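With UniProt numbering applied, the sequence shown closes on residue 130, and no number is skipped along the way.
Some hints here could point you the wrong way.
[As the list claims (entries may be wrong)] Okay, the calculated beta carbon distance ranges per label pair:
#1 H3 / C85: 23 to 29 Å
#2 T113 / N44: 27 to 33 Å
#3 Q90 / I42: 17 to 23 Å
#4 F47 / H3: 29 to 35 Å
#5 L45 / Y122: 33 to 39 Å
#6 Q49 / Q111: 29 to 35 Å
#7 S2 / L79: 14 to 20 Å
#8 D127 / E7: 34 to 40 Å
#9 K22 / A98: 33 to 39 Å
#10 K22 / K67: 31 to 37 Å
#11 D107 / S21: 15 to 21 Å
#12 D99 / S14: 27 to 33 Å
#13 D127 / D107: 38 to 44 Å
Calculated directly from the structure, the hints in this document are not laboratory data. Just so we're clear, the structure is a prediction, and the values are computed from it rather than from any experiment. Even for Gly, the Cβ is constructed at its ideal location relative to N, Cα and C.
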Amino acid sequence: MSHELFEAARDAMSKAHAPYSKFPVGVAIRAEDGKVYLGANIENLSFPQGWCAEPTAIGAMIMGGAKKIVELAVIAEKLPLCTPCGGCRQKISEFASADTRIHLCDDLGVQKTVTMAELLPYAFETDVIG
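Between the sequences and the hints, there should be enough to build the whole structure, so can you do that?
Take a look at the structure:
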């Protein structure tokens, strides 16, 4: 199953809009509904206004009606085993469990798998808000 996510993430990476950083990233999420949702980074000339591949895929998942990430694969063209950035780790954790599998890929496939808890051991969590 993780090979299918790798291929989907690689395909998503090919659709990245990264003319400024030249650092395309692709993500594939398998949600609790069994469907795979894709995302790629989309840059903007005003750098803070672009967004990473992970929230793009999360947005597609939410718009597709799913709410929970079962597993996620990430690939970057220029950085083997690229992990999600800090902000994206927190975004992923909103829709993941501590056991959610995060697959880190290179151009040959999944090379390492970590859990959400390993990727973000001290995620911001609170029951005070809301």
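May I ask you to test the hint 15 to 21 Å on the CB atoms belonging to D107 and S21?
This hint holds: roughly 18 Å between Cβ atoms.
Look at the Cβ atoms of K22 and K67 and judge whether their distance stays inside 31 to 37 Å.
Given range 31 to 37 Å: holds, Cβ gap about 34 Å.
Taking the beta carbons of F47 and H3, is their distance inside 29 to 35 Å?
For F47 and H3 the Cβ distance comes to about 34 Å; the hint holds.
Can the suggested window of 33 to 39 Å be confirmed for the beta-carbon pair L45 and Y122?
Cβ of L45 to Cβ of Y122: about 34 Å, so the range 33 to 39 Å holds.
Range hint compliance [Cβ, K22 to A98, 33 to 39 Å]
Holds, since K22 and A98 (Cβ atoms, about 35 Å apart) stay within the stated range.
Taking the beta carbons of Q49 and Q111, is their distance inside 29 to 35 Å?
Since Q49 and Q111 have Cβ atoms about 32 Å apart, the given range 29 to 35 Å holds.
Take the C-beta atom of Q90 and the C-beta atom of I42, compute their distance, and say whether it sits inside 17 to 23 Å.
19 Å, holds
Does the Cβ distance between S2 and L79 fall inside 14 to 20 Å?
19 Å, holds
Given the hint of 23 to 29 Å, is the C-beta distance from H3 to C85 inside that range or not?
25 Å, holds
Given a hinted range of 27 to 33 Å, is it respected by the beta-carbon distance of D99 and S14?
For D99 and S14 the Cβ distance comes to about 30 Å; the hint holds.
Quick check on a hinted range of 38 to 44 Å for D127 and D107, using CB atoms only.
Distance hint for D127, D107 holds at roughly 42 Å.
Are D127 and E7 spaced within 34 to 40 Å by their CB atoms?
39 Å, holds
When each numbered hint is compared with the structure, no violation occurs for any of them.
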